[in-house]
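Trainee: Protein chains in written order, with this note's numbering: chain A, 4 to 346; chain B, 9 to 433; chain C, 500 to 774.
Derived by calculation from the structure, the hints in this document are not laboratory data.
Accuracy of the hints is not assured; some may be wrong.
Each computed DSS-like pair below joins lysine-lysine, with the alpha-carbon atoms no more than 30 angstroms apart [stated by the list, open to error]: (1) K285/A / K219/B; (2) K671/C / K28/A; (3) K219/B / K72/A; (4) K638/C / K285/A; (5) K136/B / K285/A; (6) K545/C / K30/A; (7) K144/B / K285/A; (8) K545/C / K168/A; (9) K316/B / K558/C; (10) K62/B / K285/A; (11) K638/C / K82/B; (12) K285/A / K166/B; (13) K72/A / K62/B; (14) K558/C / K82/B; (15) K90/A / K410/B; (16) K316/B / K72/A; (17) K558/C / K30/A; (18) K558/C / K71/B; (19) K659/C / K28/A; (20) K71/B / K638/C; (21) K62/B / K558/C; (22) K638/C / K285/B; (23) K638/C / K319/B; (24) K285/A / K316/B.
One letter stands for each residue in the lines below.
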Amino acid sequence: MAVTSKTAPAAVTRPSTTSEKPPNKYKQALPQYAAVSPFFILFAVFGAFPVLFSIWISFHSWDGIGQMKWVALEQYNYLLSDPTFWKAIGNTLIIWVLSTVPMLLLALVIANALHNATRFRTFYRIAYFIPNVTSVVAVTLVFGSIFSNNFGLLNAFLESIGVGKIEWLTQPWGIKIAIATIVTWRWVGYNAIIYLAGLQAISADVYEAAKVDGASSRQTFWRITVPMLRPVILFTAVTSTIGGLQIFTESRVLFGDTDNIGGPGDAGLTIVSYLYQSAFIKNQFGYGAAIGWALFILIVLFSIINWRLIGGNDDERLTRRAARRVERRIAAQNAKREAADVR
Amino acid sequence: MTLSRRHFLAAGSAIAAAGLTGCGSRSSLGGSHELSMWTWVGSVNDDLIGQAEKSIPGYDGMKLAMTRIGSNYKTKVLTALAGKSLVPDIVAINDDVATYFPNADQFHDLNELGAKDLEKDFLPWKWKWGVTPEGKMMAYPMDTGPTALFYRTDVFEKAGIDIDPAAVAELAPDWDTYIALGKKVKQAVPGSSITDNITSIYSYRMAQQPKRYMTEDGQYIGDQDHVREAFDLAVRVVKEGLSANAQNGSTDADAVVTNGKLVVFNAAVWWAQLGPKNAAPKTKGLWRVTAAPGGAGNRGGSFLAITKYCKNPEAAFAFISWLESAKNQAQAFLDPVLFPSTPASYTDPKLSAPDPFFGGQKIVDVFAESAKKYPGAYFSPYDSIIGTPISNELINVETAGKNPDQAWADAQHQIERELTRAGAI
Amino acid sequence: MSVERIRTAVGHIVLMLGVLVSLFPFYWMVVMASNTTPDIFAYPPKLLIGSHLFENMGKVLDNVDFFGSMLLTLIASLGVTVLVLFFDSLAAFAFAKYEFPGRNFLFGLLLATFMIPAQLSLVPQFVTLAEFGWIGSLKALIIPGAANAFGIFWMRQYAKGAIPDELISAAKVDGAGFFRQYLTVGLPVLRPGLAFLGIFTFINVWNDYLWPLIVMTDPNRLTLQVALDQLNGIYGTDYSMVMAGALMSVIPLIGVFLIGARSFIADLAAGAMKF
Numbered sequence: 004m005a006v007t008s009k010t011a012p013a014a015v016t017r018p019s020t021t022s023e024k025p026p027n028k029y030k031q032a033l034p035q036y037a038a039v040s041p042f043f044i045l046f047a048v049f050g051a052f053p054v055l056f057s058i059w060i061s062f063h064s065w066d067g068i069g070q071m072k073w074v075a076l077e078q079y080n081y082l083l084s085d086p087t088f089w090k091a092i093g094n095t096l097i098i099w100v101l102s103t104v105p106m107l108l109l110a111l112v113i114a115n116a117l118h119n120a121t122r123f124r125t126f127y128r129i130a131y132f133i134p135n136v137t138s139v140v141a142v143t144l145v146f147g148s149i150f151s152n153n154f155g156l157l158n159a160f161l162e163s164i165g166v167g168k169i170e171w172l173t174q175p176w177g178i179k180i181a182i183a184t185i186v187t188w189r190w191v192g193y194n195a196i197i198y199l200a201g202l203q204a205i206s207a208d209v210y211e212a213a214k215v216d217g218a219s220s221r222q223t224f225w226r227i228t229v230p231m232l233r234p235v236i237l238f239t240a241v242t243s244t245i246g247g248l249q250i251f252t253e254s255r256v257l258f259g260d261t262d263n264i265g266g267p268g269d270a271g272l273t274i275v276s277y278l279y280q281s282a283f284i285k286n287q288f289g290y291g292a293a294i295g296w297a298l299f300i301l302i303v304l305f306s307i308i309n310w311r312l313i314g315g316n317d318d319e320r321l322t323r324r325a326a327r328r329v330e331r332r333i334a335a336q337n338a339k340r341e342a343a344d345v346r
Numbered sequence: 009m010t011l012s013r014r015h016f017l018a019a020g021s022a023i024a025a026a027g028l029t030g031c032g033s034r035s036s037l038g039g040s041h042e043l044s045m046w047t048w049v050g051s052v053n054d055d056l057i058g059q060a061e062k063s064i065p066g067y068d069g070m071k072l073a074m075t076r077i078g079s080n081y082k083t084k085v086l087t088a089l090a091g092k093s094l095v096p097d098i099v100a101i102n103d104d105v106a107t108y109f110p111n112a113d114q115f116h117d118l119n120e121l122g123a124k125d126l127e128k129d130f131l132p133w134k135w136k137w138g139v140t141p142e143g144k145m146m147a148y149p150m151d152t153g154p155t156a157l158f159y160r161t162d163v164f165e166k167a168g169i170d171i172d173p174a175a176v177a178e179l180a181p182d183w184d185t186y187i188a189l190g191k192k193v194k195q196a197v198p199g200s201s202i203t204d205n206i207t208s209i210y211s212y213r214m215a216q217q218p219k220r221y222m223t224e225d226g227q228y229i230g231d232q233d234h235v236r237e238a239f240d241l242a243v244r245v246v247k248e249g250l251s252a253n254a255q256n257g258s259t260d261a262d263a264v265v266t267n268g269k270l271v272v273f274n275a276a277v278w279w280a281q282l283g284p285k286n287a288a289p290k291t292k293g294l295w296r297v298t299a300a301p302g303g304a305g306n307r308g309g310s311f312l313a314i315t316k317y318c319k320n321p322e323a324a325f326a327f328i329s330w331l332e333s334a335k336n337q338a339q340a341f342l343d344p345v346l347f348p349s350t351p352a353s354y355t356d357p358k359l360s361a362p363d364p365f366f367g368g369q370k371i372v373d374v375f376a377e378s379a380k381k382y383p384g385a386y387f388s389p390y391d392s393i394i395g396t397p398i399s400n401e402l403i404n405v406e407t408a409g410k411n412p413d414q415a416w417a418d419a420q421h422q423i424e425r426e427l428t429r430a431g432a433i
Numbered sequence: 500m501s502v503e504r505i506r507t508a509v510g511h512i513v514l515m516l517g518v519l520v521s522l523f524p525f526y527w528m529v530v531m532a533s534n535t536t537p538d539i540f541a542y543p544p545k546l547l548i549g550s551h552l553f554e555n556m557g558k559v560l561d562n563v564d565f566f567g568s569m570l571l572t573l574i575a576s577l578g579v580t581v582l583v584l585f586f587d588s589l590a591a592f593a594f595a596k597y598e599f600p601g602r603n604f605l606f607g608l609l610l611a612t613f614m615i616p617a618q619l620s621l622v623p624q625f626v627t628l629a630e631f632g633w634i635g636s637l638k639a640l641i642i643p644g645a646a647n648a649f650g651i652f653w654m655r656q657y658a659k660g661a662i663p664d665e666l667i668s669a670a671k672v673d674g675a676g677f678f679r680q681y682l683t684v685g686l687p688v689l690r691p692g693l694a695f696l697g698i699f700t701f702i703n704v705w706n707d708y709l710w711p712l713i714v715m716t717d718p719n720r721l722t723l724q725v726a727l728d729q730l731n732g733i734y735g736t737d738y739s740m741v742m743a744g745a746l747m748s749v750i751p752l753i754g755v756f757l758i759g760a761r762s763f764i765a766d767l768a769a770g771a772m773k774f
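Start from the sequences, fold in the hints, and give me the full structure.
Mentor: Structure below.
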């Protein structure tokens with residue numbers, strides 16, 4: 004796009020001090036408004052408007068094609084007494100716990116080991132991160148075959164050691180474990196990398212001080228590392244909660260061939276898969292919109308719980324307190340050392 | 009190289025305008041000389057489609073572009089319709105055609121394209137199913153699914169039953185005598201079943217009734233005696249131990265035919281292919297068909313509709329009326345065993361030839377009789393959401409031993425909730 | 500000293516085990532894609548790479564329009580990436596380096612949009628795009644994602660520290676307008692940040708599944724992820740072919756990732772620390 008660069012003088016933002024009678028400051032800022040406008044326009048059209056529109060849709064019975072039929076709160080009434088919906092919430096929460104807890108713990112362990120390792124660091128990081136950039140569809144296909152009831156590698160292994168076959172993909176718990184495994188596998192590396200960055204931000208002095216204090220490595224980990232990592236842990240907990248509540252692809256790819264998207268007994272039906280099933284398989288757009296709102300409320304709820312549990316409003320204060328405690332110790336040790344040196 | 013502010017703003021407002029005014033193209037799928045068509049696998053004769061893909065017979069300058077959809081067919085059609093662009097010109101619709109009636113404005117009135125003159129060629133009840141209550145001809149008949157009784161002669165002989173079709177029909181004219189016959193067979197050959205699962209009995213009994221779940225003026229009758237009777241019959245067959253308990257869509261469904269558990273079955277014509285011919289080719293020559301206990305019935309069979317997005321409705325109608333002519337429907341009977349909705353086909357040599365798989369029997373006579381006698385029930389737009397809870401509860405009875413009265417009550421409760429939500433009652 | 504050495508060794512063993520778990524599914528994908536389906540179903544299963552890889556890949560090409568899907572996915576991913584890089588960096592530049600009335604309010608609004616889960620508006624978004632006549636076309640994949648809050652937020656953090664105010668002042672003295680300042684001062688300095696955001700966006704669009712599943716209604720024009728799922732849906736019993744398809748869909752992306760992996764991972768971690 005070869006366009007001349009003649010811009011109006013008004014477009015240049017000057018520090019407001021230069022002229023006594025400033026030109027219209029809004030007019031002056033037009034280029035900046037233009038620069039930030041694409042996001043806000045797109046958001047208005049594809050974000051804000053649909054959100055408002057979805058309230059309207061959720062008050063209707065509508066197949067997305069014909070006339071909308073006003074049913075007032077009937078969709079929500081149905082939703083609250085819909086056993087499948089509650090099952091979907093239960094499934095989602097179970098899968099979320101089954102994946103998030105091991106995922107974050109393993110990530111901490113790996114991050115700690117990575118932090119201490121001095122060789123092969125780049126190799127490790129890339130190897131741990133690759134699962135995260137691999138598409139969920141492909142990953143699910145591979146894990147689907149590993150967990151396969153009759154031909155799966157896992158069952159072949161279990162049989163060879165005498166445990167016998169487990170029907171992973173037909174039993175309620177087997178299905179949830181399979182899905183949680185896929186999620187865990189994809190996200191451990193990602194979270195480990197983030198924890199590692201958090202670890203590296205903790206100054207070496209702190210550990211030095213703890214060492215001099217005679218703290219064991221376990222004590223150091225729980226008393227210093229974890230509290231100092233608090234903001235980072237909060238970040239990973241919030242993102243994995245939001246991600247966990249939106250799990251969809253895994254169960255859809257494992258079971259999506261039939262209209263029964265949740266698998267046998269709906270044991271793998273998540274909230275988003277129920278939303279998708281209602282809106283785009285059963286063409287109940289109104290109900291789909293209502294489920295969307297339920298999901299939104301859940302996400303807000305769980306974000307608040309996370310905040311309270313891990314961070315709390317006093318998050319910053321806690322971190323600062325930990326830092327201060329450490330500083331004091333360093334000062335004390337320095338004093339001790341100086342005293343020793345003098346001696 | 010840079011952009012002036014004016015150009016920049018222009019670009020921004022162009023995006024906004026495109027977004028806000030929503031003047032998008034509403035188009036049908038495919039090139040301007042192509043009629044796009046969606047159908048599922050096994051719903052058309054491939055030779056005929058091949059001809060139309062070169063050039064549509066009777067309409068110069070247009071050709072067919074066919075897409076066979078492997079899974080979630082109805083979802084894809086409805087999503088495309090809701091999406092309003094790149095909609096196929098022609099779609100195949102299953103026997104739940106009435107569920108499309110609330111959206112009849114999405115399709116052309118085939119009477120306006122000349123369907124009226126062809127009505128006389130088709131089975132009256134089949135034709136009527138494609139017409140909305142307002143009298144719009146929305147869907148054009150493809151095949152039908154007349155029902156009959158399939159049975160294995162070798163097993164019947166072991167049980168000492170006369171294997172002549174007329175004799176079997178006389179022995180089991182209704183469901184009571186049929187169940188008695190089933191017990192006799194089971195006694196002689198342990199493990200024998202008269203159905204693959206509980207829902208098949210229910211569905212095939214419903215397929216014989218002159219009414220289903222709703223009246224034409226929108227009254228819910230799915231809780232009345234005719235439905236309860238079919239429900240109880242299905243439960244009874246299971247209680248008598250005559251069901252193979254192989255649920256639809258499970259890997260067992262084919263296996264019960266292959267391993268010879270399902271030896272007598274009141275089923276629709278297309279089961280001949282999906283059942284014994286595919287799953288038990290070794291039983292060739294052992295099967296016969298005869299009039300079904302309980303009377304003529306129909307389950308399945310499909311339709312073709314022309315969407316309102318169609319780029320050339322005349323060409324599309326020329327194509328579907330050619331594809332579904334009596335002569336071509338006869339060809340579709342040979343492959344993939346689609347039973348014609350045009351009675352003129354029934355005397356076509358392609359149909360009336362003896363079928364070696366059925367020991368040289370002319371099975372067309374049995375099914376043609378059923379197709380002509382079938383009373384033709386009214387299908388409502390809500391039939392799918394009414395039928396599903398009933399089937400699900402029946403499965404609970406068979407697989408989990410649920411109390412049938414409780415299952416019935418739960419199904420009715422669920423139906424009431426669904427219909428309320430849909431604004432139907 | 501030796502205690503320290505043992506500890507290091509144990510650390511490496513733990514890490515290596517983790518690497519094995521991390522990479523094993525890829526190996527297994529190759530094993531399945533390079534053997535025949537009966538071999539895979541055999542007991543005990545074959546654990547080594549076989550010789551049928553190209554045969555299986557050929558079957559994939561016969562059954563789905565693989566390269567067509569790949570091209571479509573590539574166009575969508577590149578399209579979104581280019582637009583995101585342009586719009587996000589431009590907005591970030593303005594937010595980071597200029598005072599204008601309402602700036603903080605607008606930025607707060609942008610952050611607030613993070614709270615809205617995409618699935619909330621899945622249904623109405625589909626309906627909106629249907630009204631535009633975009634369903635089934637590439638526009639539906641590209642335009643709604645052409646600018647995003649995450650990218651602007653991230654680039655703003657980056658721009659704040661990376662672009663010296665003096666450079667902008669100097670450009671102003673030269674009489675350059677805002678857009679020229681962005682081009683001559685902003686873009687060159689933001690380049691490393693753009694590399695991260697570009698890879699990040701590209702990978703996300705390439706791997707996206709739910710949205711293309713809904714909006715790409717024409718069965719002959721599917722993105723790679725949806726096509727792969729369809730391949731599994733229809734030919735699910737032919738494991739080795741499905742795995743060959745999975746392998747083919749994964750390789751290009753891992754290639755893109757490996758090119759910039761080192762700085763990408765560092766940038767991602769740094770970004771997370773800023774939240």
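Trainee: Next, verify each hint and record whether it holds.
Mentor: Hints and how they fare:
1. K285/A / K219/B: holds, 25 angstroms
2. K671/C / K28/A: Status holds; Cα separation ~17 angstroms.
3. K219/B / K72/A: holds, 27 angstroms
4. K638/C / K285/A: holds, 26 angstroms
5. K136/B / K285/A: Given pair K136/B, K285/A holds - Cα atoms ~26 angstroms apart, limit 30 angstroms.
6. K545/C / K30/A: violated, 71 angstroms
7. K144/B / K285/A: holds, 25 angstroms
8. K545/C / K168/A: Holds - the C-alpha atoms of K168/A and K545/C are around 18 angstroms apart, at most 30 angstroms.
9. K316/B / K558/C: Measuring from Cα to Cα gives roughly 37 angstroms; hence the hint is violated.
10. K62/B / K285/A: Outside the cut-off at roughly 36 angstroms; violated.
11. K638/C / K82/B: OK: K638/C and K82/B at ~25 angstroms, within 30 angstroms.
12. K285/A / K166/B: Status violated; Cα separation ~47 angstroms.
13. K72/A / K62/B: Violated - the C-alpha atoms of K62/B and K72/A are around 44 angstroms apart, more than 30 angstroms.
14. K558/C / K82/B: holds, 28 angstroms
15. K90/A / K410/B: holds, 20 angstroms
16. K316/B / K72/A: Holds: K316/B and K72/A sit about 22 angstroms apart, inside 30 angstroms.
17. K558/C / K30/A: Violated, at about 62 angstroms.
18. K558/C / K71/B: holds, 28 angstroms
19. K659/C / K28/A: holds, 23 angstroms
20. K71/B / K638/C: holds, 28 angstroms
21. K62/B / K558/C: Cα-Cα ~26 angstroms, so holds.
22. K638/C / K285/B: Roughly 47 angstroms between the alpha carbons, so the hint for K638/C and K285/B is violated.
23. K638/C / K319/B: Holds. K638/C to K319/B sits at ~22 angstroms (cutoff 30 angstroms).
24. K285/A / K316/B: Satisfied, since the Cα-Cα distance of roughly 22 angstroms is no more than 30 angstroms.
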